[in-house]
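Please take these sequences and the hints and turn them into a complete structure.
Order-wise, the sequence lines are chains L and A.
Under the numbering used here, the residues of the first sequence are numbered 1 to 401, in order.
Under the numbering used here, the residues of the second sequence are numbered 1 to 659, in order.
Keep in mind that a hint or two might mislead.
Here are the simulated SDA-like cross-link-like pairs (lysine to any residue), alpha carbons at most 20 Å apart as the crow flies [to be verified]: (1) A:Lys216 x A:Ser155; (2) L:Lys154 x A:Asp444; (3) A:Lys489 x L:Val262; (4) L:Lys154 x A:Val446; (5) A:Lys489 x L:Gly265; (6) A:Lys221 x A:Glu144.
Sample of chain L residues facing chain A (criterion: CB under 8 Å; computed from the structure) [to be verified]: (7) Thr95; (8) Leu125; (9) Leu176; (10) Leu177; (11) Arg181; (12) Asn362; (13) Val367.
Calculated from the model, a selection of chain A residues having no Cβ within reach of chain L, i.e. all distances over 12 Å [unchecked claim]: (14) Ala154; (15) Glu182; (16) Thr546.
Simulated from the structure, these hints should not be mistaken for lab results.
Just so you know, these numbers come straight off a predicted model, no measurement behind them.
C-beta atoms are modelled at their ideal positions from N, C-alpha and C, and glycine is treated no differently.
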Amino acid sequence: MSDLTFIPRRPGGGDDAAPVPLPHYVSRAPYDPYAVDAMTAAQQRFYVASQWRMMWWKLRRHHVAVAAGVILLAMYLGIMVCEFVAPYGVDTRNTDFIYAPPQPVHIFYQGRLVAPYVLGYDSHLDMRRLERIYMPDPQKLQPIRFFCRGGEYKFWGLVPGDLHLFCPAAGGQLFLLGTDRLGQDLMSRIIYGARVSLTVGLIGVTVSLTLGIVIGGIAGYYGGWTDILTQRAMEVIQSFPHLPLWMALSAILPVSWSPLLVYFGITLILGMIDWTHLARAVRSKLLALREEDFCTAAVLMGARPARIIGRHLLPSFSSHLIASATLMIPGMILGETALSFLGLGVRPPMTSWGVLLNDAQNINVVVLYPWLLAPVVPVILAVLAFNFLGDGLRDAADPYH
Amino acid sequence: MSRDLSSERDRWITRRALVACSLLASGVLASVPRTGWAGFLETPFFAQQVASSTLPKVDSRLPAEPAVVDTAGRPGGELRMLMANPKDTRMMVVYGYARLVGLTPSLNLAPDILKAIDVEGGRIFTLHLRKGMKWSDGHPFTSEDFRFWFEDVASNRKLSPSGLPVDLVPAGDKPRFEVLDETTVRYSWSRPNPLFLPDIAGPDPLFIYAPAHYLKQFHAKYADQDKLDVLVKQSSVRKWTELYVRHAGMYKNDNPDLPSLQPWVLKTKPPADRFIFERNPYYYRVDKSGNQLPYIDRVIMSLADARLISAKTAAGESDLQARYLSFNDYTFLRQGEDRNHYNVRLWRTGPGSQFALYPNLNVTDAVWRGLVRDVRFRRALSLAVNRHELNQVIYSGLAIEGQNTLLPQSPLYKSAYRQAWAQYDPGEANRLLDVIGLTKRGSDDVRLLPDGRPMEIIIEYSGELPEEPDVLELIRDSWRPIGIKLFGKPAQLTLFRRRVFSGEALMSIDKGIENGLANAASSPWEFAPTTQQQLEWPKWGEHYETKGEAGEAPDLPSAVKLRDLYNQWLATASQAAQRDIWQQMLQIWSDEVYSIGTVGGVLQPVVVNGKLRNVPEKGIYNWDPGAFFGIYKPDQFWFETGQHPKSASSDATATPASP
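Rendered as C-alpha cells:
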C-alpha cells in the first residue's frame, strides 16, 4: 500500500476557502481490472483464453469430433502422397487378373507370427460359367514388401519415382481389395480416387466461402436495395433443383478439356451453386453485428467498409463460418460422387470414388464381384467424419453452449 | 449349308417344278393335299369354343393345304417373356416369323405362307397362296389382300406420298402387278430385282399384303364418307390417312383388332405393361401328327426396366429370353440355372464386328479429312488396335477378332478379308504414320498434325452398347505408342447421329456391319455408300439415297467403285455374277479399311426354360438374317410337363467351345 498517497482533508474549510479535496488515495500503479480476483497462472490461462483457444478446448472434449478429425487428417495426408501409398499405378492393368477377389493378408504361417504376406492366385477361366476362378495357392507365399521399389510413377505428375509404402512380392500380386473388369487394383484406384473426391470438397467450399463472404458481406453491411437484390438472386439460385442444374452445367464442359480441367470445372460448378447458404448466414450475422457499438466506433474513427467487414465483423463469427463450411464439404463430396456416378462428372481416365462406383452399377457386380462396391466405404467414412467434425466445431463455436 | 442356298436359288430361278422338288428335298415344309390325311387334332385350348360352336372345327380353320412341319410336340402352356419397351410388341412379329417366303435355320429361302413361288430370270415372281387360308379373324386370305395393298395403299398418293417402297422400284422401274386368280398374284419387272425376296423375308418385312376386309373401313376409297369422318373425329386425328396408318401397323403390332397371320395375335390393347398374345386359331401350319401349331397357347410379355431384365430372368421370370441380356450377364445367369430350372445357351450373333471405329471421310475439318482419306492412315490406326487383348478382356477370348467384315460362317468368307491390317503391329503402324509425314512430335510424344495441332482424336459414341467406354479405354492405350491420343465423347443417340452426318464428328464407334453371314444373294449395301446411316461416309450415302439431291458425290475412287459394283449387283440375276461382285467389293473393303473392326461374332446368352423343347442348343441370334428366334420357328417350341429334367445333362452341351 505504500504507493497509495493519503491526502488529508483540509480542516475548517469554509465557503470562502478554496475547495479542499476529500481525503483519498491516488494509486500510481497501472490499472489492473483483475486486481480484485487475483488468479493463478492456470486460472488466468482459462479465463482470459482467446476465443479460438476456448473453441479448441471445447472441441477436444468432443471425442467423436476429434476422432473424425484424425481420420480426415490421415486421409488428406494420404492424398498428398498417393503415388507413394498406392501399391499400383492408377491405370496399371493386369489383364491376367480380371475380377480377382481381394487377397486377405496373413500374419501367421504354420502357427508362427511372420511378416505379413498374401497367397498368390492360381487362376483359370471356367468355361462352363465363363467365370474367372481364382484359387489362393498355399505354395505361393508372397510377403508384402515395405518401402520398396515398385511400379514407376511421376509424383504429382512431375517428379519421377518408384518408391512405395508397400508393394507386392517380386513377381507376385497384391490386390487387397480385388480388381475390376480391366484388372486394375481397386485399392490403388480408391487411393487415387480420394485425391479427386476429397479435394473437390475443399476447393468447392473455398469457392463458395469466398462468394458467400463477399456477397453476403456486401448485402448485410449495406442493407437496403443491395440486400434485397442479392437476397432475391440467392432465392432464385436456391430454387433451382440441384442435381439437374449440376448435370446441365457439367454437360457443357467441353469434351476436349483434359480430365484435370474438367475436374476443376466440376468443383467450380459445385462451389458456384452452394454459396447461397453461406451468404445468407454471413448476411444475417452482419446485420446484427453492424449495430454493435464497436462497429459504430470503427465507423466513427473513419474505417472504410472493407476494413470494418474484414477486421471487425468477420472475426466475430469466423468460428461459426468455419463450422458451417465444414458441414458443406460432405455435400460437395456427395455431389461429385453423384455426378460421376451418373457419368457426368469426372471422367476416366481420371478416377474418383464416383467414377469407381459408376462401374459397380449393375446386378452382376452385386452378385459376382461385390468387392467393387468397396468405394462406398470411404465415401461414407469421409462424409460421416466431416459431419462429426463440423458438428463438434459448431458446438465449440457456439458461445451459449 | 450355305452351299445349299446358292444351288437352291439357282434352281428357283429356272422353273417351278424344280422349286417344288428342292423344297420337298429340303424337308422343311411341304404342302400335303387335304385328301388322304388322317384328320387334324383339335387344339385343347379351343375345345370349349368349338364345342359351343363359337369357333369352327380345326378342319375348317386350316387351309386346304396346310404347311406340314416335321416335328412333334405337346400343345399347351404359356410362354413368359420380358421386354423393356412398350414398342416391343413388334418383337412378336419378328419371333413369330410367318412370312410369305422365309429363311430356314440354314439360312435358305423357302416359301412359307406361300404354297410356292415361281421366279423367272430374277424379275418375274409368281406367288401361289394356300387355298382356304384365313386371317386370324377367320376371313379368307386371298389375292384381294395383295391387290388392296398394291393398288390402294402403296400406290395411293395420300397413304404413300413417296410412292412404292424403294426396293420395289429397282433403278426407278415399277413392277407390273397382276391378279391371276383368287390365290395367285404376279409381280414382274423389266429388270432383275434381287431385293424383292430378301425383303419380304426380312425380320421387319415388306408387307405386300394387308387385311383388306378390316382396313377398308378406314380407307377413303371404300368407307362411307360420313362414317369415316366420325371415326376421324373420334380418334382425334386430322386426316383419314392418319387413322388408317394408326390401325394398319402390321409390324408395329399395336392394334389388337388388326387381323394377323402370325402364330400369336395381340389381345391386349396398348398401352399396358403386360401384353398377352393368344394363339391364332386359323394358323396355317400343322405338325406331322396333325396338331395345329403353334404348340404354345399364350405368350405373356411383361415390361420391366432394361437393367433389371437380367436379374428377373435369373429369378426365373422368363421362359425364353435373349433380348436385353448381354454376354457379361452370362456368369450371373448360369448361377441361377439350377435354382430356377432354366438353361443358358450361347448363340453366335451375326454382326461382322461388335464394335467398329468409323473415321468420318466427310469430316468438315480439312486437315483431318485429308488424313482420314489417306488409306495408310486408316491402316495404321487399324494395325495399332490390340484386338487379342480386347477379346480376352471383354469376351473371355470367345469372340472372333479381325476386320469389320464377314464372319467365317458366311459362304463368301475368306480369312484374308478378315485378317488384312488387323494384326497388332505398332511398329508397322508407326512406320506408316512416319511415311505419311507425321513425324513431328509435341509434348507427351504426341504426333502433330501438319498444321501443328496435336493428334487428338475424339471418338464419339452413343452409349447404346455399355462396353463402348471400355473398348475405347483399351484402344486408347494401344494407340498411345503410335503417338495418337484418344478421347471418348458420349452423346445422346440423335445428337450423335446428327454430329456424324454433318461432319462435325471426326470419328465414331458403333456396331459394325449387321450382316456378317451374308451370301451372294444378300444385298451388299453395307459395303458401299448407300445410306446416310453409314458412319464412315454419311454424305456420300445421303447422295445415293436421295438420288443426288442432298449430300455429296463420292470423290474417292475406291468408294465410287464400290457404289458402281453395288449398282451392278442390283442389276444382275445370275448367282455367279453376284458372287463375283461380292468378292470384288469385299476385297476393296478390306484393302481400304474404311472402318476399323475389333471383334465380331460375339456370343449371346439365350435363357430357355428347362421344360421348353425344340429350342436349338446352338444357333444364330441375329436380326437380319435370323429374325432373332424367328428362323427357329417359335411356333414349334413346346412345353414338356412333369418332372423338371436335371440341368446337369444340359450343362455339358451348353458349354461354349473356344473358337
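Against the structure, the hints:
no. : hint                : result
1   : A:Lys216 x A:Ser155 : holds, 15 Å
2   : L:Lys154 x A:Asp444 : holds, 13 Å
3   : A:Lys489 x L:Val262 : holds, 13 Å
4   : L:Lys154 x A:Val446 : holds, 18 Å
5   : A:Lys489 x L:Gly265 : holds, 17 Å
6   : A:Lys221 x A:Glu144 : holds, 15 Å
7   : Thr95               : holds, 6 Å
8   : Leu125              : holds, 6 Å
9   : Leu176              : violated, 22 Å
10  : Leu177              : violated, 20 Å
11  : Arg181              : holds, 7 Å
12  : Asn362              : holds, 6 Å
13  : Val367              : holds, 6 Å
14  : Ala154              : holds, 44 Å
15  : Glu182              : holds, 55 Å
16  : Thr546              : holds, 31 Å
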